[in-house]
Amino acid sequence: MVDASLTHARVLRIEASKGWVPLKVRELWEYRELIYFLTWGNVKIRYKQTILGAAWAIIQPFLTMLVFSLFFGRLAKVPSDNIPYPIFAFAALVPWTFFSNSLRLASNSLIGSAHLITKVYFPRLAIPIATVLSGVVDFAIAFVMLVIMMLYYGITPGDRIVWLPLFFLLALVSSLGTSLWLSALSVEYRDVQHVMPFVLQFWLFATPIAYSSSMLSEPWRTLYGLNPMVGVVEGFRWALLGTQTAPGPIIIISSFAAASSLISGAFYFRRMERTFADMV
Amino acid sequence: MNDIAIRVVDLAKQYRIGRKQECYKTLGETLSQSFTVPLRKLRSAFRHSNGHRDARIWALRDLSVEVKRGEVLGIIGRNGAGKSTLLKILSRITEPTRGYADVHGSVSSLLEVGIGFHGELSGRENIYLNGAILGMRRNEIARNFDEIVAFAEIDKFIDTPVKRYSSGMYLRLAFAVAAHLQSEILIVDEVLAVGDAQFQKKCIGKMNEIRSGGRTILFVSHNLAAIQSLCSRALWMQDGRAIDDGEPGAVVADYLKTATMFVGNKVWDDPGEAPGGDEVRLRSIRLIPEADTSVDRMNTGTPLVIEVQYWNLKPDTQLNLGIAVYNQEEICVFSSHSASEHTWQRKPLPCGLFRTECHIPGNMLNYGGYRVSLLVIKDSATVVHRENDALVFQIQDNVEDRNGWYGKWTGVIRPKLYWSTELLAPLNSRDEVRDVVDVYSF
Numbered sequence: 001m002v003d004a005s006l007t008h009a010r011v012l013r014i015e016a017s018k019g020w021v022p023l024k025v026r027e028l029w030e031y032r033e034l035i036y037f038l039t040w041g042n043v044k045i046r047y048k049q050t051i052l053g054a055a056w057a058i059i060q061p062f063l064t065m066l067v068f069s070l071f072f073g074r075l076a077k078v079p080s081d082n083i084p085y086p087i088f089a090f091a092a093l094v095p096w097t098f099f100s101n102s103l104r105l106a107s108n109s110l111i112g113s114a115h116l117i118t119k120v121y122f123p124r125l126a127i128p129i130a131t132v133l134s135g136v137v138d139f140a141i142a143f144v145m146l147v148i149m150m151l152y153y154g155i156t157p158g159d160r161i162v163w164l165p166l167f168f169l170l171a172l173v174s175s176l177g178t179s180l181w182l183s184a185l186s187v188e189y190r191d192v193q194h195v196m197p198f199v200l201q202f203w204l205f206a207t208p209i210a211y212s213s214s215m216l217s218e219p220w221r222t223l224y225g226l227n228p229m230v231g232v233v234e235g236f237r238w239a240l241l242g243t244q245t246a247p248g249p250i251i252i253i254s255s256f257a258a259a260s261s262l263i264s265g266a267f268y269f270r271r272m273e274r275t276f277a278d279m280v
Numbered sequence: 001m002n003d004i005a006i007r008v009v010d011l012a013k014q015y016r017i018g019r020k021q022e023c024y025k026t027l028g029e030t031l032s033q034s035f036t037v038p039l040r041k042l043r044s045a046f047r048h049s050n051g052h053r054d055a056r057i058w059a060l061r062d063l064s065v066e067v068k069r070g071e072v073l074g075i076i077g078r079n080g081a082g083k084s085t086l087l088k089i090l091s092r093i094t095e096p097t098r099g100y101a102d103v104h105g106s107v108s109s110l111l112e113v114g115i116g117f118h119g120e121l122s123g124r125e126n127i128y129l130n131g132a133i134l135g136m137r138r139n140e141i142a143r144n145f146d147e148i149v150a151f152a153e154i155d156k157f158i159d160t161p162v163k164r165y166s167s168g169m170y171l172r173l174a175f176a177v178a179a180h181l182q183s184e185i186l187i188v189d190e191v192l193a194v195g196d197a198q199f200q201k202k203c204i205g206k207m208n209e210i211r212s213g214g215r216t217i218l219f220v221s222h223n224l225a226a227i228q229s230l231c232s233r234a235l236w237m238q239d240g241r242a243i244d245d246g247e248p249g250a251v252v253a254d255y256l257k258t259a260t261m262f263v264g265n266k267v268w269d270d271p272g273e274a275p276g277g278d279e280v281r282l283r284s285i286r287l288i289p290e291a292d293t294s295v296d297r298m299n300t301g302t303p304l305v306i307e308v309q310y311w312n313l314k315p316d317t318q319l320n321l322g323i324a325v326y327n328q329e330e331i332c333v334f335s336s337h338s339a340s341e342h343t344w345q346r347k348p349l350p351c352g353l354f355r356t357e358c359h360i361p362g363n364m365l366n367y368g369g370y371r372v373s374l375l376v377i378k379d380s381a382t383v384v385h386r387e388n389d390a391l392v393f394q395i396q397d398n399v400e401d402r403n404g405w406y407g408k409w410t411g412v413i414r415p416k417l418y419w420s421t422e423l424l425a426p427l428n429s430r431d432e433v434r435d436v437v438d439v440y441s442f
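Respectively, the protein sequence lines represent chains A and B. Note that this note's numbering gives residue 127 to position 127 of the first sequence, counting from 1, and the numbers run on in steps of one. Note that this note's numbering gives residue 24 to position 24 of the second sequence, counting from 1, and the numbers run on in steps of one.
Just to be clear, a hint being listed does not mean it is correct.
With a cut-off of at most 25 Å between alpha-carbon atoms, the simulated DSS-like pairs for lysine-lysine come out as follows [stated by the list, open to error]:
1) B:K378 - B:K257
2) B:K156 - A:K48
3) B:K347 - B:K378
4) A:K48 - B:K163
5) A:K44 - B:K156
6) B:K408 - B:K201
Partner residues are not named here, just some residues of chain A that face chain B (Cβ under 10 Å, in silico) [unchecked claim]:
7) V120
8) F122
9) R274
Read the hints as simulated data drawn from the structure, not as lab findings. Model, not experiment: these values are computed from the prediction. For each residue, glycine too, the CB sits at the ideal point set by N, CA and C.
Looking at chain A on its own, in the form it has when it is part of the complex (with noise of 0.2 Å):
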């Protein structure tokens, strides 16, 4: 049953670990299994509980823009690089919305599987992976949306659209930076709960999801994409609206910003995990 051959290889170390650790990103490869199943299973859950299951998806973004469509629209006239503005706003919303559910739920993630994580081993980064994962499906079921919208104004993306992965990717590996942050925070100081509504509310103001990037100057305007999510938004627009907005420099600091968020977000993640089990 057991092939002995293969036990004598490998030894396994339990120690107290000290400082910063290394990441075992081959470790997180091996369980990719398991953040399939978590993120599959966040899913299902999170449908199966609600009435209209899947239609929040679109729900939420579409309501949002409604209510920007009226009152930054209609009332105060906030220019919108020339496209109609409520589809303006909707493909921004769209990765906003990804991104902000991707926070608000993962970090309450880590409390919420307290459960697992006393219980047993698995590396702890697969938990917030899998609850940003998970809203990509919300996200794609937005994106039909923003297809319908985008039929319904007569707006054709160019070629340009061969971009829009790259700019997905931009807000995945953004929300997954700020993620391992939150969830790990939230950890020690609950507080990061409560704190999390004013976070969000504060940074979709600072993005430019209800106006356009274009109403800055340079070189604030480029600077403005220290906030990853102004290079998702951005770009979403350049890329499938077909906006004027050369938002090139934008995209670059963005990715940085994003890069350095997961990077530095996964070590001190890995770095508070040892704790986890006792506090949770």
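Based on these hints, arrange chain B on the given structure of chain A.
Just chain B now, kept in the frame of chain A:
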């Protein structure tokens, strides 16, 4: 060359149990503390080393132990002895503070059945999710899927959300997944504490199967009967240390002895100091098993003798001894006195040293702790002396009686009764069976 599965060296784990004293009392305090507590927490967060206020406890204190390949190690001890902490460290759930453990081979831990089960998901979905959490590969789960479902006996409900399952079904399913783990080392914490007798029987059966497959098992349980029959070795832990380690029967016996402040005999060499009075003095009280077993390993089947030696100091007194046996719940299981003794019955005793024995047959007391109080009675009326805790002892479970079942055997006493079954009317065909059913269902 290497037959060690786990080597634990000077393993220590410290827990911080501080912050508990900060419980709010009044509204005013709550309000003021809601400002001061975050400040204090902030301050202590910056001055990290300044944690003298937090109470710290050592859950494990430099524990060293080796587990050989194929060994089934049972770990016993009171709550808070460090058993679960040890399992958690070996399962890599929490890190040790000092020391290390080397683990040779793949480990699966089963600290709870049904980890990650979600009520909204169906049996099938939970099998995959739980299997993945326990470290099984998807194709491994798929390969064992039918077997898992059969083991759990839920084939009809496999696509029903588990929130509609009975607790028995839920447990069976949860255990079924875990039972199909293929790792070389299995770490199990008190899974037998849950579930009914049927479930326990299945668990034990599966563990026996795993054991005979040559895998290493670490098993924590308060069920001493299960420890004795399943394990090849037992480790008794107390205050984070190993107290005793060896053959399960001996370790369990030692454990029970301290657990109950065992008093197996009392001897007073100097009659002047002995309890009693002017009329009677006790010399000794002894508990003697009437079988080939030591006094600390008596089980429910062992016949016992309570032997009392005493001096009668007044001529021609009519003396009787009485005993009352109390169990751990302080229920008097029975009382008896020596009036039915045949040699000296109703006869006055001359002065001298006497020995009186009371024989308690086997298969009478259930397992558990007992206390015997002794009375010396004069003229069937006056209590001359009373010895309240004359003997304190423990009776273990008789594993042989169990017939493969390890649940709690209820009852104050545990007699072995005569049972008989006879076939009164055979039913020889299916039609005859149907006739009987039809008759009784109308």
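Numbers of unmet hints, in rising order = Going through the list in order, the structure violates hint 1 alone and respects the others.
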